[in-house]
Amino acid sequence: MLPHILPKENFDDFVAWLMTQGRVAAPVAKAPNFSFDVLVDKDDIARIRMDYDVTILPPKKYLLPSYETLLDFNGPAPENVRAEIDARPTVLLGVHPYDLHGLQTTVAAFSQDPADASVLARRKATRVIGLNIASYANDEQFMADMGTVDPPDGVADLFLTDIGDRYFVEIGTEAGSEMRRACDCFRPAGPEDHRARQEYDERKAANFKKRLPYHVRYLPELLEASYDSLLWDAVARRCFSCGTCTNVCPTCYCFDVHDNLNIDAASGVRERMWDSCQLEVFAEVAGGENFREQTASRLRHRMFRKGKYILERTGKPGCVGCGRCSVHCVANISILEAFQQIAGEAAEMHAT
Amino acid sequence: MAEKPKLKVSFHDFTSCEGCQLQFLNCEDELLDILGHVEIVQFREAIDDKSDEYDIAFIEGAFTRESDRARLEHIRKCAKVVIAFGACACTGGLNVLKNYRGVKEAMRTVYGDQADWYETSVALPVEAAIKVDYKIHGCPVPKQEILEVVKSVVAGRTPRIPDYPVCVECKLKENACLFHKGQYCLGPIARAGCGAWCPSYGGRCYACRGLISDPNNNAAKDVLEEFGLTVEDIMQEFRLFNGVYDVAQPPDNAHVKSC
Amino acid sequence: MAKDLDINVHHLTRVEGHGNIVVRAADGTVEKCVLEIVETPRVFESMIEGLNWSDTSLLTCRICGICSVGHTLASIQATDNAFGTEITEASYVMRQIMCMAEQMQSHTLHVYFLAAPDAFDAPSVIPLAGSHPEVVKRALKLKKLANTICDVLCGRHIHPISLRPGGFTYLPSKRALVGLKQTILDCYEDIEATVETIASVADKFPGFEREREDISLTHPDEYAFYNGRIKSSKAGEIDTADYEQFIKEKCVKHSTSKHAYNVDESFAVGALARFNNNADQLNEQGKAAAEALGLTAPCYNPFANNFAQTVEIVHCYHEALKWLDKLIAMDLSEADVTPNVVPRAGRGIGVTEVPRGMLVHDYTYDDAGVCTQANCIIPTGMNLGNIDRDMQTYVPSVIDQRSQDEIAHDLEMMVRAYDPCISCSVHLLNVEWV
Amino acid sequence: MTQAMAQPPAETSPYLPRVGRIDEVRQFTETDKYFRLSFADGQGIRFLPGQFLEVSVFGIGEAPISLCSAPGDQAGVEMCIRRIGDVTGALHNLEAGATVGLRGPFGNGFDMDEAAGKDLLFVAGGLGLAPCRGFILDALNRRDEFRRVTILYGARTPSDLLFADDLKQWDQRDDCDFHVTVDRGDENWTGNTGVITTLFKKMPKLEPANTVAFIIGPPIMFKFAVLEALAMGLRKNQIYCSLERRMKCGLGKCGHCQIRNVYVCQEGPIFSYAEVMRLREGI
Ligand SMILES: Cc1cc2nc3c(=O)[nH]c(=O)nc-3n(C[C@H](O)[C@H](O)[C@H](O)COP(=O)(O)OP(=O)(O)OC[C@H]3O[C@@H](n4cnc5c(N)ncnc54)[C@H](O)[C@@H]3O)c2cc1C
Ligand code: SF4
Ligand code: SF4
Ligand code: SF4
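Protein sequences appear in the order of chains P, D, F and L.
Numbering follows the working numbering, with no gaps: position 158 of the first sequence is 158.
Numbering follows the working numbering, with no gaps: position 151 of the second sequence is 151.
Numbering follows the working numbering, with no gaps: position 184 of the third sequence is 184.
Numbering follows the working numbering, with no gaps: position 23 of the fourth sequence is 23.
Okay, chain P solo, but in the shape it has when bound (with noise of 0.2 Å):
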């Protein structure tokens, strides 16, 4: 499918258009970060930051929100429960590379049997406008070693690259070609266009340098070998187990469920709502075990969901090195840091 051209002077037809297939969500200011946001009328078109830099959450909450209804039930009795999922027709637009790889990861998930309905519905419903990146953000990301500086294949329906005064527009889906065909705002790439793109992806391939003093591939590797490291109880000294960097993070999916009653205390609806690893209570069972009690045993756990269980149980990555966690987090705790670190704790460790 041959890339197109979207001119700038076309966006806010295109976004009015998308308007028209579903409900869009967009990048918007909230000084001093940025959020994406659910466009009501055409005069929030003018809030739209395609220049944003990264969002407090990721656009996961679309696919998995923060709080879901599961069921309704009218009195105790299992007779009256309806289970209905909302999955309205809704377009994601600006989404970043990263973040893409974020999405694919939480579909993986969601679809290992036994599959999760709700949010594979909604991931149907669901399209995808992916926005390109020129460089990092902040000091905590480290995409390039994640291998989530480009788009994964398949996950957004049209990807753009801001070059100038126009998106270079790729087309990666089927859903993305009928998009292009049915919105009269684009026009074919031509030979100034496609010079455009390249320059683009030189100045990307100088900007996204490095940052883990190893290949990602050993990642899992070395977080094993450092399970009994202190590393993780002197990070943990730090730690406020206050959930900030997974209710951030675009690959965690844990999740509470419980019965939200009216006021009648006999019907009401069931509930799911985003969890955290991070929290005290999380692995606490009724009768008072915890089973990881120590702040230190569910900070390692994090690391390891992020460096090497999601990976090996969906083979997506689990952190996609947005650097969210640890840019929210009020301790400062850096993922990164943490990752780099390993490499020479688990050298240590095996020395002896």
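The hints are simulated quantities; they were obtained by calculation from the structure and are not laboratory data.
Hints may contain errors.
[Claimed, not checked] Straight-line C-alpha distance at most 25 Å; calculated DSS-like pairs for lysine-lysine:
(1) F:K141 x F:K181
(2) P:K42 x F:K174
(3) P:K8 x P:K210
(4) D:K173 x F:K174
(5) P:K42 x P:K8
(6) F:K137 x D:K8
(7) D:K181 x F:K234
(8) L:K202 x L:K223
(9) P:K30 x D:K181
(10) D:K143 x F:K141
(11) P:K308 x P:K61
(12) F:K287 x F:K234
(13) P:K30 x P:K42
(14) L:K118 x L:K236
(15) L:K118 x L:K223
(16) P:K42 x F:K181
(17) D:K143 x F:K181
(18) P:K30 x D:K80
(19) F:K287 x D:K6
(20) L:K236 x L:K223
(21) L:K223 x L:K205
(22) P:K316 x P:K204
(23) F:K248 x F:K181
(24) P:K42 x F:K326
(25) D:K181 x D:K221
(26) P:K30 x P:K8
(27) D:K8 x P:K61
(28) D:K143 x F:K137
(29) P:K210 x P:K316
(30) L:K168 x L:K33
(31) P:K42 x D:K173
(32) D:K221 x D:K143
(33) D:K143 x D:K131
(34) L:K205 x L:K168
(35) D:K143 x D:K173
(36) F:K234 x P:K30
[Claimed, not checked] Here are the in silico distance ranges between beta carbons for each label pair:
(37) F:D242 x D:K6: 53 to 59 Å
(38) F:G84 x P:A29: 46 to 52 Å
(39) D:Q144 x P:T20: 33 to 39 Å
(40) F:E334 x D:N218: 34 to 40 Å
Using N, Cα and C, we set each Cβ at its ideal position, and we do this for glycine too.
With the hints as your guide, set chains D, F and L with the ligands onto chain P.
Frame of chain P, contents of chains D, F and L with the ligands only:
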């Protein structure tokens, strides 16, 4: 299932601003429904009846004078479920600030030579006098938690009252963190359940809902100190709502400060 | 027929805070007739001292949950004045709207929940929900309206969050403001109906008058709430900085709250005092409401305070709309309201009208912005002497016509008409002793 | 060892439970009740020993409960539930005729075919007898396929003993060896007293290389019983246990039951001791 008799609910106030009782009345959308399912037998702020027959007693306000003890014990005797309602009742709230000033001196500042006309002592949580079954934290209490507790007690289950930090809810709201704006915040050690109310409106969290049961105080000190705050500054922040606890000790094993 | 009375209404209901009415009469002569305040002393002033400027309003708004927006407004005015902070036009307009919402919220609560049951002969608003559901639903709707205004502008009504010295820490989106305007417009008929409801029960309020001194703010351009100069109906106008000239306080044994006096032994503040002092400046709709209720200035019937409150609900509703239109037209960005406070040593006085009357916060800060001295004078405290005096005049006038129970009921109504906020009044201070 | 769960059609929510009707409730002990349930849709259920259901009382919540009846294709199921919190408390308040929500079966379970031709050793402590009972019933139903069958069961006091009818039956059968002990006896107790490991001395000798052991009970009992089994000469991969974790979905998603890279609700709850050791965070 046979129609259960309506639970009887009562409200009692001690030393407080009565905002938490008002917060109950502020559940405008639910109020008439609530009244369909429970019977309010005592609510001095809004009704005349006074009854000693109640199942659930909401106690608002701190315990600040010995002569209130008998009233509290009476409520405990009458009620099946006693709920400490709001920061003043749960932790003594900001009334505790006066403990630090020395109660005698505080009274003298206000009432001068006539200070001895009035009775008062240190401010303490209701728990210092009687056992409480549940605590609805906050200054003021969040509406959703009032409803959660009322509904849970009626349904016979344990109310879900969070024991994790305010940051959790703050991130779910996608607020820009105050630390990012160069300010600071007690969110990482304060008990959630308010929906990160203050940070959502640009204010820092003062931990009005008390601390989580196992806060990492070392981290709190380290981090706040990195923001140029001394231990004394931090103590003052804590004290506004949690003066009853020594900052070094989490609520569970904290000794109650007396002056 | 000379009569004995022994009335002791213990823990008066449907008022905020704890008070007892005590009347003793032998042979037709009243020996004792007072409102005892038995609320625990809260010593707020002593707690404010030592606090950083950024925390003072957070503490003082907790003097009272019912008028916590009012306390916040007085407190941040005091802090702004102490530091010479200028607030932006946008912040000023937002504060005005908050101020209007505060009166509406509290007056609605008072008129519908606390006073109306008396007029409808119900023991409380709860049975009223059965007998007059439309009245209760309307009350809840109007109360919610005021709460919604506060929620949108500063996070919540009780202990507001973003209403801070120097401005606001949060700016609602234009969309939220436009939505709020619609919510306000949706209550238009409920406001009209409120006047009708109160007018329909007007005859239930006893006719009783006692001439008195009224004190309130006054402002050259508007019916004063947010700011202005202090006006006494008997002693003229002074600057707010000179408030001590009019408000003198003394301790009395039967009350943990102090009593205030000026020209007379006592004076009145509150809705009726404001109405008496500034009725000409009500907006059109407010004037129309006063006419519908047959209220004309000056009115010395304390029971008529409920009418004045109703008039103010109408006035504030329309003022809030006017200010909100202005705010929407301003097209703001966050920077237009962000506080910019530079602390410095000094004393600042904030005086504002809260639902129950004039409220004074007076702080002195050192150059680090730490409060070294504080004084708060609460309207209920100012009214207490006047309440005693009204009761002492009323009881002898009816002692021969009404039974003990009826008199007790009348006195409860009278006290309630003042809407005393007892939790507020037992707060603090450094007083001039008399 | 793994049994694939029938994948629900993509449109149906895996959280929507089936309706289960309580046919019988019996009080076992002060805290434990026995429940027999059938499915309102008339369709039965197929499961392996060691698998569990998610049981719902709407408005209160959901809890994982082991199936303790004989596995295979069944019209109904049996469970033994200890009142310990909200959901279990609400279940205890239900009577025969009431309905509950049932999801599952979940978990790997254990196919007893794998133990065919071997000596079987069942060691159950306290409520651990509930999951263990499924294995025992399966073994006894297909008695010919196995060699010696030994059952050791320990409870705290005589009044804590579960499934009294079964115990009597097992005791009377001569094709299995059944031993029971209590930590503290009472005046009527004539049997063994002492912790469960004391029973190991009373049982007949098994052929260690040809034995499969199932040790199910609280972690502390598990640790000591494993030592005994290892001392008998069993290897780590011949010993199986059932792990308890908090669970919110049963689908290997919510993360609560995760031990390292393993989800107990999917790859467990039945693990070999070798696997538990490899996981390091298992017990
Ligand atoms: C595979 C498996 C099989 C089981 N089989 C049986 C069986 O056969 N019989 C039996 O009696 N039990 C069994 N259990 C244990 C049983 O599931 C728990 O006892 C049960 O979940 C308790 O639920 P509850 O609502 O009664 O307890 P509660 O303590 O009220 O717990 C309520 C809910 O909150 C969660 N929770 C627990 N602690 C906390 C906390 N500190 N903070 C927040 N939430 C918390 C729980 O996970 C639960 O979902 C089994 C458990 C597993 C994992
Ligand atoms: S672990 Fe941190 S860096 Fe990695 S994807 Fe999650 S938030 Fe981004
Ligand atoms: S603003 Fe406060 S509550 Fe919110 S994330 Fe930051 S520290 Fe936590
Ligand atoms: S954010 Fe903090 S101070 Fe504000 S309501 Fe919540 S717990 Fe209280």
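Hints versus structure:
{"no.": "1", "hint": "F:K141 x F:K181", "verdict": "15 Å, holds"}
{"no.": "2", "hint": "P:K42 x F:K174", "verdict": "14 Å, holds"}
{"no.": "3", "hint": "P:K8 x P:K210", "verdict": "32 Å, violated"}
{"no.": "4", "hint": "D:K173 x F:K174", "verdict": "19 Å, holds"}
{"no.": "5", "hint": "P:K42 x P:K8", "verdict": "17 Å, holds"}
{"no.": "6", "hint": "F:K137 x D:K8", "verdict": "23 Å, holds"}
{"no.": "7", "hint": "D:K181 x F:K234", "verdict": "52 Å, violated"}
{"no.": "8", "hint": "L:K202 x L:K223", "verdict": "19 Å, holds"}
{"no.": "9", "hint": "P:K30 x D:K181", "verdict": "11 Å, holds"}
{"no.": "10", "hint": "D:K143 x F:K141", "verdict": "17 Å, holds"}
{"no.": "11", "hint": "P:K308 x P:K61", "verdict": "23 Å, holds"}
{"no.": "12", "hint": "F:K287 x F:K234", "verdict": "24 Å, holds"}
{"no.": "13", "hint": "P:K30 x P:K42", "verdict": "19 Å, holds"}
{"no.": "14", "hint": "L:K118 x L:K236", "verdict": "16 Å, holds"}
{"no.": "15", "hint": "L:K118 x L:K223", "verdict": "23 Å, holds"}
{"no.": "16", "hint": "P:K42 x F:K181", "verdict": "21 Å, holds"}
{"no.": "17", "hint": "D:K143 x F:K181", "verdict": "24 Å, holds"}
{"no.": "18", "hint": "P:K30 x D:K80", "verdict": "47 Å, violated"}
{"no.": "19", "hint": "F:K287 x D:K6", "verdict": "46 Å, violated"}
{"no.": "20", "hint": "L:K236 x L:K223", "verdict": "13 Å, holds"}
{"no.": "21", "hint": "L:K223 x L:K205", "verdict": "21 Å, holds"}
{"no.": "22", "hint": "P:K316 x P:K204", "verdict": "23 Å, holds"}
{"no.": "23", "hint": "F:K248 x F:K181", "verdict": "42 Å, violated"}
{"no.": "24", "hint": "P:K42 x F:K326", "verdict": "24 Å, holds"}
{"no.": "25", "hint": "D:K181 x D:K221", "verdict": "19 Å, holds"}
{"no.": "26", "hint": "P:K30 x P:K8", "verdict": "23 Å, holds"}
{"no.": "27", "hint": "D:K8 x P:K61", "verdict": "42 Å, violated"}
{"no.": "28", "hint": "D:K143 x F:K137", "verdict": "19 Å, holds"}
{"no.": "29", "hint": "P:K210 x P:K316", "verdict": "19 Å, holds"}
{"no.": "30", "hint": "L:K168 x L:K33", "verdict": "18 Å, holds"}
{"no.": "31", "hint": "P:K42 x D:K173", "verdict": "24 Å, holds"}
{"no.": "32", "hint": "D:K221 x D:K143", "verdict": "32 Å, violated"}
{"no.": "33", "hint": "D:K143 x D:K131", "verdict": "24 Å, holds"}
{"no.": "34", "hint": "L:K205 x L:K168", "verdict": "23 Å, holds"}
{"no.": "35", "hint": "D:K143 x D:K173", "verdict": "17 Å, holds"}
{"no.": "36", "hint": "F:K234 x P:K30", "verdict": "54 Å, violated"}
{"no.": "37", "hint": "F:D242 x D:K6: 53 to 59 Å", "verdict": "56 Å, holds"}
{"no.": "38", "hint": "F:G84 x P:A29: 46 to 52 Å", "verdict": "33 Å, violated"}
{"no.": "39", "hint": "D:Q144 x P:T20: 33 to 39 Å", "verdict": "36 Å, holds"}
{"no.": "40", "hint": "F:E334 x D:N218: 34 to 40 Å", "verdict": "35 Å, holds"}
Violation of the numbered hints given earlier is confined to hints 3, 7, 18, 19, 23, 27, 32, 36, 38; the remaining hints are satisfied by the structure.
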